[in-house]
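Enquirer: Numbering (the working numbering), first residue to last: 2 to 180.
Accuracy of the hints is not assured; some may be wrong.
Simulated crosslink set (BS3-like; lysine-lysine; CA at most 25 Å straight-line) [as the list claims (entries may be wrong)]:
hint : residue 1 : residue 2
1    : 125       : 57
2    : 57        : 26
3    : 129       : 147
4    : 67        : 26
5    : 125       : 162
6    : 88        : 57
7    : 59        : 102
8    : 173       : 76
9    : 26        : 88
10   : 59        : 88
11   : 26        : 102
12   : 125       : 177
13   : 177       : 162
14   : 177       : 88
15   : 26        : 59
16   : 129       : 88
17   : 147       : 125
Simulated from the structure, these hints should not be mistaken for laboratory data. Computed from a prediction, not measured in an experiment: that's the story for all the values here.
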Amino acid sequence: FPYTTLFRSCYIDGVLNDYPYSFWKFVADNFGVRNENRTLYNPYPSESTENIVEWKRKYRESTVKKNLSVNAFTKDFLRELHEIGWKIVLMTSRPLENHRKLFADTIEWLDEEGVCHDCLIFSKNKVKDISVIRPSFCIDDDPSIKRLVETTTGIPVYVVKREYNDGDIDEKEYMKILD
Numbered sequence: 002f003p004y005t006t007l008f009r010s011c012y013i014d015g016v017l018n019d020y021p022y023s024f025w026k027f028v029a030d031n032f033g034v035r036n037e038n039r040t041l042y043n044p045y046p047s048e049s050t051e052n053i054v055e056w057k058r059k060y061r062e063s064t065v066k067k068n069l070s071v072n073a074f075t076k077d078f079l080r081e082l083h084e085i086g087w088k089i090v091l092m093t094s095r096p097l098e099n100h101r102k103l104f105a106d107t108i109e110w111l112d113e114e115g116v117c118h119d120c121l122i123f124s125k126n127k128v129k130d131i132s133v134i135r136p137s138f139c140i141d142d143d144p145s146i147k148r149l150v151e152t153t154t155g156i157p158v159y160v161v162k163r164e165y166n167d168g169d170i171d172e173k174e175y176m177k178i179l180d
């Protein structure tokens with residue numbers, strides 16, 4: 002894309018779908034462990050790192066990622082931006098190197114759900130990739146990404162409000178970003 006194109010970057014998990022809730026539900030359903038404190042960074046403080054890594058592996062290898070619900074507000078916002086000429090860049094940190102099936106599952110999911118996008122980036126380093134593509138703004142669910150991206154690049158990041166973060170924008174108010 003030419004550098005004069007208006008880009009918008011959106012993080013898939015936590016913004017476009019219901020992660021981490023889907024992971025928490027998967028763990029509760031399959032291993033009987035609940036995330037009672039509803040936190041993003043240390044959801045299972047009494048569990049070993051090995052258990053959590055194994056749960057994530059099984060979650061990623063299941064068909065859950067292919068069948069996640071899409072956030073209707075985010076999907077509509079992407080469509081509206083696309084219709085007025087914005088280029089939509091979606092990012093995910095889904096670990097393809099360890100779970101090759103995630104690529105096909107993600108593409109299939111986006112296509113089946115009709116999510117407008119021009120580019121999909123599987124990122125190991127969001128801050129670095131955002132600094133390269135230079136979107137006009139980003140939407141994420143992680144306040145730490147906001148701090149890093151804005152400090153490093155000056156690109157505004159809007160953190161969608163979720164029960165596990167102190168977000169600064171409600172998903173129903175996305176259009177205010179363009180004001």
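Enquirer: Hint by hint, work out which the structure violates, then give me just those numbers in ascending order.
Expert: 6, 9, 10 and 12
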